[in-house]
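Chemist: Order-wise, the sequence lines are chains L and Y. Heads up: the first sequence at position 5 corresponds to 5 in full-length UniProt numbering, and the numbers run straight through without jumps. Heads up: the second sequence at position 41 corresponds to 41 in full-length UniProt numbering, and the numbers run straight through without jumps.
Since the hints were made in silico from the structure, they are not lab data. A couple of the hints might just be wrong.
Said to hold, decoys possible - Computed footprint of chain Y on chain L, listed as stretches where at least three residues anywhere in the stretch have a Cβ under 8 Å from a Cβ of chain Y:
#1 209-223
#2 238-251
#3 273-285
Unchecked claim - DEER-style ranges, computed between Cβ atoms:
#4 Y/87 <-> L/57: 26 to 36 Å
#5 Y/249 <-> L/153: 56 to 66 Å
#6 Y/110 <-> L/245: 12 to 22 Å
What the hints assert, rightly or not - With the C-beta cut set under 7 Å, the calculated list includes, among others, these residues of chain L facing chain Y:
#7 29
#8 33
#9 34
Computed from a predicted model, the values in this text were never measured in an experiment. All C-beta atoms in this analysis are idealised placements derived from N, C-alpha and C, irrespective of residue type, glycine included.
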Amino acid sequence: MAAGLDRRARMLTAALAAALVASIGLAVSLGVAGLAPAEVWGIVAGHLTGRGGDGTADAIVWDIRAPRALTAALVGAGLASAGVVMQGLTRNPLADPYLLGLSSGASLGAVGVLLLGIGSTVALSLALPIAAFAGALLALAAALGIARLAGSLAPTTVVLAGIAVSQLLAACTSLVIVMTAKGDAYRQVLSWLLGSLAGSTWASVAITCAALALVYPLLRAHATRLDAFALGDTAAEALGIPTRRTRLVLFVAVSLLTGAMVSTSGAIGFVGLILPHLVRGLVGGLHRHVLPTAALGGAVFLVWADTLARTMLDPREIPVGIVTALVGVPVFVVVLRRARGTAWT
Amino acid sequence: MDVTVESLSVTRGHREVLSDVSLSAARGEVVGLLGPNGAGKSTLLAAIAGMLAPAHGSVLLDGRPAHLVPRREVARRVALMEQHPDRDIPLRAIDIVELGLLPFRRPLARGGDAAHRALAHEALAQAGAAHLADRPWTALSGGERQRVSVARALAQSPELLLLDEPTNHLDIRAQLDTLSFVAGLGITVVAALHDLDHAARHCTRVVLLSHGRVVAQGAPADVLTPATIAAVYGVRATVLDHPADGRPVIALDGALDPADASSPAAPGPEEAP
């Protein structure tokens, strides 16, 4: 049923888009401050119609909750897209920016820039994602390099190499923070290593939105080529695809995306691993179907994960990476089990 | 398509994996590449597809050097079928066949073209696998996977078909089906084969390789003799004439003591893809 899958993918895309709008709306309404939904929506409507507002309630809704929910959605979409592309490029169902060390590399890059102590906010908000991008790219190169030294680019070898790189870079990140941080160093270590959306501002929204707007269309344009990578490099090459150049371009693109996401929210795990598998089970493996549904699914997932992270242990807040791990690992086990031996679903 | 390989040498790192190989395949011919693992069969196929630049010599496709022709242009005329029956691909048969049309669409086109989908269904039907269209690759048997791979190659509408051990992992019926089918297409076929009887049955010409060099080439009956089989494979064999059509039938009698073989046939390093 060729048309059947196309239709199913379209329906899922529409359903997820609607769910995303509803989720962001709910996430903005929910919180420890106990504001009534009517009040919340009055504030949002006020800002959207350009009237502005003031007061504590206004600041909570418009300066804290709204940018936080939007950043969560954008980061979720970015990480899920990055996971889809990495799994396709490496033919590795376990590939994801977190497991292969990109997120840790990006964290270290970002923390390194914070260490430089750039005073200007504008310069800092530009330097952070760029350093995170460089860190992600270097971590990826290191993981693949180590795997190649170990003699194989087999999925398990690559993941083991990625975990090694990831552990080393996470240790470096912790060291840098503990050595230099003023104030609550351990809290900062946690939010970089486990991810946290607590510091989201409208600048975070701008950075993640720009990265996604820049990179996602490029990934989407490569959907059919990514399908061909599943046949193996020689076969893809024989179909006229410049495999080396394509892989390089997409790895750089994914590092850029991961870098931008991590620079605003730290290393949130499992989003890039789980979402591609979940949507493949629903719409099949064609990348033109998997990419948009995984991106939207990742957005919805992270909005809810973050809402849980900030309300579950009220008034305490936990790093969102704990929630994604708690939800993600069992889901991944179920997905693996259903796949019966083959890791692809 | 005419294929001419002239004193071709290919190096990987510092190792020469093909040395002074010459062969030709005229339009419509079925040429078999024979030889033990590591003899250079896969490398030769990749060189013919223009994926490897020659260190010396040349590969000419209808008179043009293969590695200088743009990849997409080669892909519109040459199909390569690797052996990959054990690779997991998260796609359905029809999606895989449609990938054969990649060389014919704009490089970064969005996909999902109805005309291409129809062509893919046609190719699948031509390979006798129309009923497999919606089945996931992971649910196909070895023989079914091979039919789908053949259909993908057909979707490329090639003038030259390169096959790397197309009968690996297949039962004997599927082996015969695959080879008779591709031999009957009327296009030039160059196939790396393990089974000498298959080569004798389906190939107009065979090329016997050992350690990257051509040991013998010609009609199967001239090349497949007890002496060449002993020299290249290190195997004692009796060659009989088939009572029906006189083609050689090879009965393998046993492994030769390495000392008895007229040239060392120790297993070479693993053949690179």
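Chemist: Hints first: check each against the structure and report whether it holds.
Modeler: Results of checking the hints against the structure:
For a cut-off of 8 Å, the count of residues in the region 209-223 of chain L with a CB near a CB of chain Y stands at 4, and the three-residue condition holds. Evaluation of the coverage hint for the region 238-251 of chain L: fulfilled, as 5 residues show C-beta separations to chain Y shorter than 8 Å, against a requirement of three. Only when three residues or more bring their CB closer than 8 Å to a CB of chain Y does the claim for the region 273-285 of chain L stand; here the count is 3, and the claim holds. For the pair residue 87 of chain Y and residue 57 of chain L, the beta carbons lie near 58 Å from each other, so the given range of 26 to 36 Å is not met.
At about 42 Å, the CB distance of residue 249 of chain Y to residue 153 of chain L disagrees with the hint of 56 to 66 Å. Hint check: residue 110 of chain Y to residue 245 of chain L, Cβ distance near 20 Å, so the stated range 12 to 22 Å holds. Evaluation of the residue 29 of chain L hint against chain Y yields a violated restraint, the C-beta minimum of about 37 Å exceeding 7 Å. Evaluation of the residue 33 of chain L hint against chain Y yields a violated restraint, the C-beta minimum of about 45 Å exceeding 7 Å.
Interface restraint check for residue 34 of chain L: the shortest CB-CB distance to chain Y comes to about 46 Å, outside 7 Å, so the restraint is violated.
This entry does not satisfy hints 4, 5, 7, 8 and 9, going by the numbered hints stated previously.
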